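Please construct the entire structure, taking both the sequences and the accompanying hints into account.
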Amino acid sequence: MAFQEDETLRLYVEESLEHLSNIENDLLAIESDGADINEDLVNKVFRAAHSIKGGAGFMGLDNIKELSHKMENVLGMIREREMIPNPEIVNILLLASDTLRNLLKNVGESNSMDITEHVEALSGLASNVMPAKQEKKISDIADIVREGTAIFSVSRDDILNARNKGYYIYLIELDLIRDLHEKDLTPMDFLNKIQESGNLFDCSVKIEAVGELDADVNPEGIPFTMLFGTILEPTMVNALFNIDEKNIFEVKEDFSLAPISEPTVLKEEISQASMDASGAEQEGVAQASEIGGFQDFSSDHQAGESKKPDGQIGAVAGETSLRVHVRLLDSLMNLAGELVLGRNQLLQAIALKDLHSVDASGQRLDLITSELQEAIMMTRMQPIGNILNKFPRVVRDLARSLGKEVTLSIEGEGVELDKTILEAINDPLTHLVRNAVDHGIEMPAKRSKAGKKTTGHVMLKAYHEAGQVNVEIKDDGAGIDPKKLVASAMARNLITDKQALTMSDKEKVNLIFLPGLSTAEKVSDVSGRGVGMDVVKTNLDKLGGVVDIDSNLGKGTTVKIKLPLTLAIIPSQLIKIEGERYAIPQVNLEELFRIPAAQVKDRIEKVGDAEVVRLRGTLLPLIRLADVIGVERTYVGDIDSCEINKDRRINIADRRSKKSPLIKGDSSEGEGSGELETAQALDERERRSDTDRRYHANSAINIVVVYTGSLKYGLVVDELQDSEEIVVKPLGRHLKHCKGYAGATIMGDGRVALILDVTGLSQMAGLTSMEGTDRAKEIAFETRTTQSKDVQSLLVFRNAEHEQFAVPLGLVERIEKIKRSQIEDVGGKKVMQYRGASLPLIAIEQVAQVKPLADKEDLLVIVFVLAGREIGLLATPPLDAIEESLVIDDNTLKQAGIMGSCIIGGHTTLLVNIFGIVEAINPTWFEKRDVVCVSEGKAATILYAEDSNFFRSQVKEYLIDDGYNVIEAEDGLIAWDLLQQHEKEISLVIADIEMPNLDGFGLTKQIRADQRFSHLPIIALTTMAGDEDIKKGKELGINDYQIKLDKEKLMNSVYDFLRRTTEMMK
Amino acid sequence: MARQKKSSVKKIIKPGKNIITPMVQDIKGQMLSILDKGEKEITIDFSGIEDIDSNGLGLLISAHNSLKGRNGKLKIKNISGRMNKLMQTTHLDKYFDIAAQG
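Top line first, the protein sequences correspond to chains A and B. At position 679 of the first sequence the residue is numbered 679 (this note's numbering), and the sequence of numbers has no breaks. At position 84 of the second sequence the residue is numbered 84 (this note's numbering), and the sequence of numbers has no breaks.
These are computed hints drawn from the structure, not numbers from a lab. Quick caveat: nothing in here was measured; it's all calculated off a predicted structure.
Within a straight-line C-alpha distance of at most 25 angstroms, the following computed PhoX-like cross-link-like pairs (lysine-lysine) qualify:
#1 A/Lys-446 x A/Lys-483
#2 A/Lys-461 x A/Lys-562
#3 A/Lys-206 x B/Lys-85
#4 A/Lys-183 x B/Lys-17
#5 A/Lys-206 x B/Lys-73
#6 A/Lys-193 x B/Lys-94
#7 B/Lys-68 x A/Lys-206
#8 B/Lys-28 x A/Lys-206
Printed below as a string of structure tokens:
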């Protein structure tokens, strides 16, 4: 019978705990309703307390019965409107429910636990008398020992209660004179202040240290020690005191002391250990038959340490039973039945050797298994509300202790996630929510100063998207100052000045995830939020989750987390390297691509000692999987003999040495050294023989593009195979420390495949920064979203092998591929036959001091149309068209034919001034235009509005060259002011469309609306010239549209308009 | 501001307003002169005192320490509820002889 009793008790405890978990939020709702009570809600809580009481009476749990009875009384009074649920009363109820939870969790000892305090507080409420402060019955006292002497004796219950509320207990040593007086705090103010933020259990003044009265000397210090409980984490608690962290100790659960200034690495390790532990547990659950393996994990010393300081907060963590809908169980039962039937059929078919039936039952089993898998997964799915619902209390308590006003709204509680993921995101989420309240939301006074509502708002939102679950934590607080983060990261040498310059704001904000940045400095110095974000990220990475942060300085911060639905079975991509199969989780997979053998050399480049590949205009770092995991690279030499050779090429684009069996034709001629030779070197020496391995289909390169949240890179693999759903099995204890693997799985053929951990791989390969492709992507993204920056379309090409050039794409007419032999030398000038005529060819080095055109067979001709004639510019590949907002330096590298430089894709790129070059070579091409004069000898004045310095100085030069006076303006607003100042002089306006403050359209509107200027011709000079825009511009009164930097057309247009207006005037 | 009231046996100091750093030197002078006379008790009248800063507290503690050395006592009378609570929280009431207001 004992078993039955146990079972009943267990059921009772579970049910009661469930009641309690709802009570908390309901009580908070009751508090916010105030006098205007929601009777249904009160009734609900009342009933919960009532049923806990009922069961307790039956079980003989007297303490639980008494406490719930008292709660019920108070709730009854609230229901009858005899009492208004003010924060005081709700607080007492909340504390009582905390204790009740404690009692239920330790149900065996519940009758011997002390609940007098709560019972009295509640009775006090019921009799409308606030409970009198009463001497505690000291049932169980713990001593806190510092340097060998017990300084405080506290009731274990008090501490336990506080911990259950999510409090950390600290021992703080400070000096009333040094630490308080210098901050103009009186002891009274100080005590009041800290009591608002937590619970002062005890304190003492060390009066012996003060000394006696002395006429000349005042006491130097008054040592003061206190035992203090607060919801603030060890990394944040000093924000309250602002003293030397050496003097703050955390009181651990065994009442020992640990300095909070201890290196944070330790803490990270612990939390990681706990992640490991929960990971192990989850995997253990996924594979229940592997009990042995599971035990292995729990005996692992790391798992043993997984007790976390805030372990108690998450009521979800550590749940051992699960509620499942009966319907789901029914369908499971059904499927199990089907499975048995299927097995019987199969056995019979095998016995009869009836192949047809084997096939049929095989299919049947396949179907049932998938359905079963789905149904089982469903049982593991839990609403995210289970963990989100504890946040109202966390936010309320934290906001109260910090003196802030914060509301929390939760959306999408119903979104379901695998139980293990849910448990694992509990801590990171708590951290993020706390951060939002603590550092995100400002103090009410500061908020109203900034013109915001005094009450801050934090929003938690969960939703499904593309087979993943997104969780957003959004606050409308101060946001993160990217500048401060960058300064802080630079001070720690985490990034260089150069990197900082080229970073986007979003990228700067994402620096917060860099380890070391966040933990070392105090909260206030990096505008908060820095606390342990790297730990949050590491934890989420382990789940295969992705975290992204977006912050708007002064407006708020949004943290977005993407999570897989489940961990036990994941879709993955199988790849093969050196004959072994590996799996890459699909969440990390961005795309697969294959570089044909012939393009390998063009698309793979080497930057420093890293290989990168060009992928749609961005550079993607490459990692060779074989190298990272330490497999020897081989290649099959002679296909017939299947001879396997060791691969000794260093670069991906390298060719085999002549000794290689693949280069048969040359083998006699070879130098015999067998050295590695680079493609470029060989290229110039000889034409490729047919046997060149590069022309074999199997020397194409397969790249898996993977994404780790902060980093995207390409993994070079031998073979791409199917994508498949795999069951994740934990790696054995011995392999636990292999960073590159996330687990293992068993394939259909019974073989083992390791699951790759893409984050681990990138770390092993030393790819950890957030530069490169990521930055390019972000910049591109930013330009697309903000649209405020000047996006330039450029055509990027090479002349000499290593010098990159660019011309504005708008000027390019066509691009032709030619062979060197097509170029003819006629009368000292280069031309080529082209569409039945001869096209003059020019090279950059004819005018500019640059390296000569690379000596290559395949060349490019970029065709421009200038002054009505076609001209071809010689160039060499790789060729790329980019659309980016660039910072152009029109100073350092400027020379004849080169108008400036900028950085594109990590290369310094020279911008070719095609007009300059053509003018220098063929000065007669451009007809000399007269200068249009407003009056005798006085040239016309042009107002030119353009926000890009580069273009402004360039176009100004054109205009001045032609003899005009130019007034320049940096944006539309300045242009408008200048126009009014120089009302009489200006006879033409040239304006960019995209400008800050007042754009070209706005400027046009103002000009057209003003009688004084309505006659002025306006030429828009822009990179943005869609038909829509042109139409809009024309409607507003723009006379002409010119695409940026077609000098001839622009100057002709200027000339025409000026002449027309001056003639009209005359 | 602080006046020293003569009385036959005890010496009473009545600072009259909050004991904060600028007052400390003055009160200390009064205390020392009482001690010089060989008195074993100093009473501080806390009427009108609503706050005390760290130096003020230091003064009281050092006075206590000096008196204790000669088996004397620091007495505080007419303490306000607010001040009394401070003394209780910091457990200084165990060292000083405190009498409430009235």
